[in-house]
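Sequence lines, in order, name chains A and B. For the first sequence, this note's numbering gives the first residue as 1, with consecutive numbering after it. For the second sequence, this note's numbering gives the first residue as 221, with consecutive numbering after it.
Watch out, some of these pointers could steer you wrong.
[Said to hold, decoys possible] List time: in silico DSS-like cross-link candidates among lysine-lysine, alpha-carbon distance up to 30 Å:
no., chain 1, residue 1, chain 2, residue 2
1, A, K18, B, K565
2, A, K18, B, K523
3, B, K296, B, K565
4, A, K18, B, K387
5, B, K263, A, K18
Just so you know, these hints were derived from the structure itself, not from any lab.
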Amino acid sequence: MNQYDQSSPEPNTAHRSKRSATIHLPQLRKWFAVKPVAVGIASVLLSGCGEDPMEANLYRSIDECASDNPNYMTECTFAYQEAVEEAERVAPRFSNENDCEYEFGDSNCQYIENRNGSFFMPFMAGFMLSRFLDNDIDIDFKKKKKKRYYSQPLFTSYSRRSNLRNQWFTADGRSYGGLHKRSTKVYQSSFKPKPTASKTLSRGGFGQSVARTSTRSFGG
Amino acid sequence: MLRQNIAERSHWRTLAQEYGFHFHTMYGEPYWQENAYYQFTLKQIEDELETPTQELHQMCLAVVDVVARDAQWLEKFCIPESFWQPILDSWESSEPSLYSRMDFAYDGTSPAKLLENNGDTPTSLYETGFWQWLWLEDNIQSGALPRNSDQFNSLQEKLVHRFRNLKTTEQWHNIHFACCKDTAEDRGTVQYLQDCAEAAELTQHFSFIEDIGISPEGFFTDKLDRVIAQCFKLYPWEFMFAEEFGRFVPEAQVNWLEPMWKSIVSNKALLPMLWRLFPEHPNLLPAYFADEHHQTTHGKWVKKPIFSREGANISIFDETGILTESSGPYGAEGYIYQAYTPLPKFADKHTLIGSWLVDDLPAGISVREDSSEITQDMSRFLPHIILG
């Protein structure tokens, strides 16, 4: 593969080499500077309204949404994409594929690499769309500030080990019935942004000595 | 042991760029230098450096076994009382370690003398394990060095093996790597270890030390709120003990690299303790605690803070007073004394040998030069070879 992958022959030397025999160079090659992990904050801001239950539809795809709302192909696409983005943020995360598949079933997990890092998460199984708030027939999809619909990602498990097998559920683990269901009654609070994966109370409790010493490296 | 001149590889800066070795020059000063190298015989390497390294490491473990069980010694090591039990627990449960670097004064003829043991957060790992290895391979390929040139440097091989071992026998499924923000050198060192873990097929994540969080259950979390279960931290234990999140450490159920018992090995109080347990050992220098100051009234001595990095706050004195000293932020917690031994001089530079261990196996050496007697973080790194 390259010139370094074979160690140099050692003619007539009885002793074993004292250095690493091979180093797989492609693994160490980096054209770009090391990039620190950065966090991104994505959230859907909701306007505050009453807590009346409302109708929400459960769609597996854009097509299902569009056949239900014939003139809103673009809007369905938009709601779907919004749910996909949200899914990346709130879906359960796993550091390896096996653990993810254990919970969510074979071939039901994807590898995600985004600005937040890399992990495995279940595929989004569908999305929930609430319609017609204030009994308003027009869904104003385009103007975000006057958004009259809410969407959120839905997941399901195909794993025999999971009690959420073949159930619709949201990132907070709330179940909305079997996959055959097409609509449900929900409270608006169901659409509140879900926390990212687990929970952290505070940060920054380590590293305080750095500012005090202003030493370049902490190695020795 | 010779210092030999050699032509630089014309493309080394491009290579450095390609491999992400960004700290070869720091503050406008060269850090990596390849216009010369050190040459050792195999006998020097094996008898004078490798064997003593292995033996000294076992002696250090004997010190840990004494100190970790004794409140009086833990106090002398300036370790906060709330960590005494966690340290003993980590020692008694044989929590695995990753690596150490011992610094030696060695001139090629007299026995190597242990100056200190960087058992917690040693750096210059990438330069040693990979970069000087590549330098040798290149120079053998080009014919600039004889084909039977070798190097005492199985560091990378052993690191990968160690991570594989942690995965299979310790059942580690993943590991977080952490260092502080704003230091290219530390980030580079940690990235190298991440690459080694990756090569061992151990799932790895990165977090800055400052970004570590605490969950309601008392677990440490990374920026994605993933629980930290295994963590390599390029951050000294004594800082962690003293900081706000230190109090969560005993209950956080993290397998740390280095484990907490290494805080005894990296502590400068190790040196007087070694001398106490193994007096007159050929690879040790006489060393004493501050309250044994009467032992240091004759001759030349080095005063070192119990906690210090990169040669900070060190002074050299004799009967007439202080001869040399270095500045720095350390020393508030106390000092130890170690007999002075000169660093050998080659080409008017003071030369220091770093001898590496992965877990308890000697794994190679690094050579650093400094224009001052106290090796600091502005020292220069030179490659070495074994020939003959």
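Hinted pair, alpha-carbon criterion (30 Å max): K296 (chain B), K565 (chain B). Please report holds or violated. Judged against 30 Å, a Cα distance of about 35 Å means the pair is violated.
Given the hint that K18 (chain A) pairs with K523 (chain B), does the C-alpha gap stay at or below 30 Å? Distance ~36 Å between K18 (chain A) and K523 (chain B) Cα, so the pair is violated.
Agreement of K263 (chain B) and K18 (chain A) with the hint, judged by alpha carbon distance not exceeding 30 Å: The hint holds at about 12 Å.
Are the Cα positions of K18 (chain A) and K387 (chain B) separated by 30 Å at most? Satisfied, since the Cα-Cα distance of roughly 25 Å is no more than 30 Å.
Check whether the Cα positions of K18 (chain A) and K565 (chain B) lie no farther apart than 30 Å. 26 Å, holds
Comparing the model with each numbered hint stated earlier shows that hints 2 and 3 do not hold.
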